[in-house]
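**Student:** These are the residues of each chain, in order.
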Amino acid sequence: MYSIADRQELTKRDMVSLTVEAPQIARKIVPGQFVVVRVNETGERIPLTVAHRDVATGTITMIVQVVGKSTALLASLRVGDAIKDLCGPLGTPQRFDKVGTVVGIGGGSGIAVLHHLLGGYRDAGNRIIGIIGAREKDLVILEEDMRALCDELVVTTDDGSYGAHGKVTDGLKTLVERQERIDRVVAVGPLVMMRAVAQMTRVYGLPTEVSLNPIMVDGTGMCGGCRCTVGGKTKFACVDGPHFDAFEVDFDELIQRNQMYQRDERTSLLTSVKAK
Amino acid sequence: MTTPHPELAALEHEGDLAGFCPGCHGGLDVYDPRTRRVWIGLLVKADGQECELRINPELELFEHTCSGTLQEGALLDDVTCPHCGMSLVEQDRACEACGAPAFTLDVSVHSRVSPLSLCTRAGCHWHGVSTQAAAKLKAAVPRQDKPEQDATLRVRNFGEVSYGFDTARAVAEASRCLQCKKPGCVDGCPVQVDIPGFVALVAKGEFAPAARLIRRRNALPAVCGRVCPQDDQCEKLCVLGKKAEPLAVGALERFVADFERETDQVRLPRRAARSGHRVAVVGSGPAGLTLAADLGVLGHSVTIFESLHEPGGVLVYGIPEFRLPKGIVQAETGNLRHLGVKFELNSIVGKLYGLQELFELGFDAVYVATGAGLPGFMGVPGENLCNIVSANEYLTRVNLMKAYLFPDYDTPAPKGSRVAVVGGGNVAMDCARTALRMGAREATIVYRRTRAEMPAREDEILHAEQEGVRFHYLASPTRYIGDEQRWVRQMQCVRMKMGEPDDTGRRMPIPMLSSTFLMDVDMVIVAVGAGPNKVLFEGAPGLERNERGYIRTFTESGRTSVPQVWAGGDIVTGSATVILAMGAARKAADDIHAFLKGGGSDWLPEAPGGGGGAVAETQQPAGAAGQAAVGTPQHPAATGLAGGVA
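Note that the protein sequences, when read in sequence, are chains A and B.
According to this note's numbering, the first sequence is numbered sequentially starting from 1.
According to this note's numbering, the second sequence is numbered sequentially starting from 1001.
It is possible that part of the hints are untrue.
As the list claims (entries may be wrong) - Computed cross-link-like contacts, PhoX-like style, restricted to lysine-lysine with a CA-CA straight-line distance of at most 20 Å: (1) K1497(B) x K84(A); (2) K167(A) x K137(A); (3) K1534(B) x K233(A); (4) K235(A) x K1534(B); (5) K1497(B) x K1534(B); (6) K1181(B) x K1204(B); (7) K98(A) x K12(A); (8) K1236(B) x K1146(B); (9) K1402(B) x K1326(B); (10) K1415(B) x K1402(B); (11) K1242(B) x K1181(B); (12) K84(A) x K1342(B).
Unchecked claim - Have a look at the derived ranges for each label pair, beta carbon to beta carbon: (13) E1442(B) x R135(A): 40 to 50 Å; (14) T267(A) x S1515(B): 33 to 43 Å; (15) T234(A) x D1232(B): 25 to 35 Å; (16) G160(A) x D1408(B): 39 to 49 Å; (17) G1598(B) x A124(A): 24 to 34 Å; (18) G1598(B) x P207(A): 31 to 41 Å; (19) D123(A) x P1541(B): 18 to 28 Å; (20) A82(A) x S1515(B): 39 to 49 Å; (21) A82(A) x G1499(B): 52 to 62 Å; (22) D158(A) x D1520(B): 56 to 66 Å; (23) K1342(B) x A124(A): 35 to 45 Å.
Source of the hints: derived by calculation from the structure; they are not laboratory data.
These numbers come from a predicted model, not from an experiment.
A virtual CB, placed ideally from N, CA and C, is assigned to each residue, including glycine.
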């Protein structure tokens, strides 16, 4: 059992940050790696990217965006509650090269992961520009943390309620248009966002990497549920990734694959609501 | 004065004497419960006379004749079964008691009674039974049927298919054992269970002691009784099998293990005094559990590191509930806990701990038994369409994550009404049968060879056939076709024909030109084998692997290129069976124990990869001598485990 040491609501609606006691994982995990979580005996195994780790207190922090039953269950936990199973670190550790200027683009709960990754790039001596986006003002998370980390931060909202009006790709476009030197783009967020970023950076010729979060069961390369086509070859995101060259990823396929259990997810959520 | 033959004594206890005529199925034996006597009714022709003869072989011969009277000393012309007319006289001979003409009646083909040598002289009560005849007799007793859940019912549930023997059947089956002096069955068992020994105990009704006898060699009897390929191992070498059906060793093993557990009589071996040595086991599948049990008993402190949230490896994620109820695996792993074995769940060696880190944590030896957990795909176009899953994923979702109880359990499983399963092994059978239970209208096995070459256990193939799984032999998928939502809708296959046998003696299928055809499917399960998972190797520099990616071992006991690290099971051999993994673990356990007790001896007979100086082969196990002749001098037993396959 892994106790919840801290819990923060990041948005009013559906995003919480859970800090969990897991000393050995905290010692080993590096930015961009993930863990697999099973909340209780009847729970699913779901992959969650770790947003922060603290070796001193032996904790890891995960950002949970409520999208289905399992994430709702996780988000409902309070400090002192416990998660039944926590397995990690998983995924290939990311290498942080010094390339010059790194533009990090994040959306939704991906912002937390992005924050973790950009920390790695900053420590490697890169200049960091962040672009984070949300549908509306209330859904923008970790703005302060990002501001502290980045040399420059752009915030965009779809409805224009905060920051620049538009999508994160509009933020990127602005940077390109003002002739900003960009050596690498890192995008973490919803698949549709990452696909849009990749489409744009391909045009501009900006090397781009993405962090994928497909459906997984074990997270150790055993099931192949997370397979995706990268560069025409089948890769397992859990062990070969989750970081890939954005230009090689077949996003359309992955978007469809991630919807494989949509109907079951609804059934699951409905029955649990009815039970209550 | 005659002594009742033991076989006859045994018959009386059973109460039910079912010797049937093969022609008409009429009863041949007559058992009179009041007098507790067996009579055999026969038609006798002697000196041109016909009469019905009823023999009580135990007491007086020729006591009752229904019509006519046999002349004293008459030479029998023929004795036939009254039902089918088959002649039963084997040979004329002289009575050993009085010298009068005698004959041997081979009634065993019709009844449970042994062939008898009988004397025809009135008043001479001589009869004898030869041992050779006894073997014939046993072969004539049919193998006990294994009761099973009705096929039409069981495809609707996840309850166990086979119910196993009850006590009466178990005793009856055990009584068939010939108790061979040189038992072939034991040679056929990768862990050398004392099969005649435990079977004799079953025949006597001593079930719990029988289970304990198995436990001396096999820590997981309830598991092996269910999933071992007995038809290829112990039962294949059973002498009874030459004439008729072999002894049902697997069913008996399962029976005693279940009896022991269900009657709460599990008594684990006594633990030796603590040795002070610590052993880390990576992976809690059959090999890991066996090794942990062996070393636990020997007093070593064993910790098993398991990446999943439940111990058991393939026993919990792979083999379905209807073939191996998970409660049984839990009971077995619970037994290990009683032996002091610790389980570190959710702990991935290679990620959470490096291999060398385990030594820093104070372990003196490491056993790597991570299995072959990487799912194989064929790499044909369209394989990443929605609703095409690996067998590993499908079975893990349904078994480990209990998707068959969805939505009570949160994990869903893919569903389809026309499901194709690609492959012909046990895993493919498991997938097809699971799919039917999960509501598929039809499940079709698509296999590139024929039924004869299918690697699955005969029982599993039969069960699948009974349950209505369809089989499409000599076909292989070449392309998957999806709809606009990228869900699989059709599977394009090519027909195959069988070619010449390859080096392994297995005939290779060859695709036939322009023979493609389309199958309508809405779900595909790919069950074409598995490979080595590479997660471990990230944290295990220096651990040598072979060209297929499995760990290279240098002794039969599984020593690897890294000192104090042993490996065994599928991660060395590639996908094999539960029992072979257990056999490998047993050898490793013996060697680890010897190593820990002996302190630092030379790790390998010769340096890995050759070129090393000559090192004394101190740890070479006896069985490795034969291997050395096959392998090159540099790798005395690198193929040791594969060589052990029966």
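**Student:** Taking the hints in turn, state whether each one holds.
**Tutor:** Outcome of the hint check:
| no. | hint | result |
| --- | --- | --- |
| 1 | K1497(B) x K84(A) | violated, 52 Å |
| 2 | K167(A) x K137(A) | holds, 13 Å |
| 3 | K1534(B) x K233(A) | holds, 18 Å |
| 4 | K235(A) x K1534(B) | holds, 13 Å |
| 5 | K1497(B) x K1534(B) | violated, 35 Å |
| 6 | K1181(B) x K1204(B) | holds, 19 Å |
| 7 | K98(A) x K12(A) | violated, 37 Å |
| 8 | K1236(B) x K1146(B) | holds, 18 Å |
| 9 | K1402(B) x K1326(B) | holds, 11 Å |
| 10 | K1415(B) x K1402(B) | holds, 14 Å |
| 11 | K1242(B) x K1181(B) | holds, 17 Å |
| 12 | K84(A) x K1342(B) | holds, 18 Å |
| 13 | E1442(B) x R135(A): 40 to 50 Å | holds, 45 Å |
| 14 | T267(A) x S1515(B): 33 to 43 Å | holds, 42 Å |
| 15 | T234(A) x D1232(B): 25 to 35 Å | holds, 34 Å |
| 16 | G160(A) x D1408(B): 39 to 49 Å | holds, 45 Å |
| 17 | G1598(B) x A124(A): 24 to 34 Å | violated, 49 Å |
| 18 | G1598(B) x P207(A): 31 to 41 Å | violated, 56 Å |
| 19 | D123(A) x P1541(B): 18 to 28 Å | holds, 25 Å |
| 20 | A82(A) x S1515(B): 39 to 49 Å | violated, 58 Å |
| 21 | A82(A) x G1499(B): 52 to 62 Å | holds, 58 Å |
| 22 | D158(A) x D1520(B): 56 to 66 Å | violated, 42 Å |
| 23 | K1342(B) x A124(A): 35 to 45 Å | holds, 40 Å |
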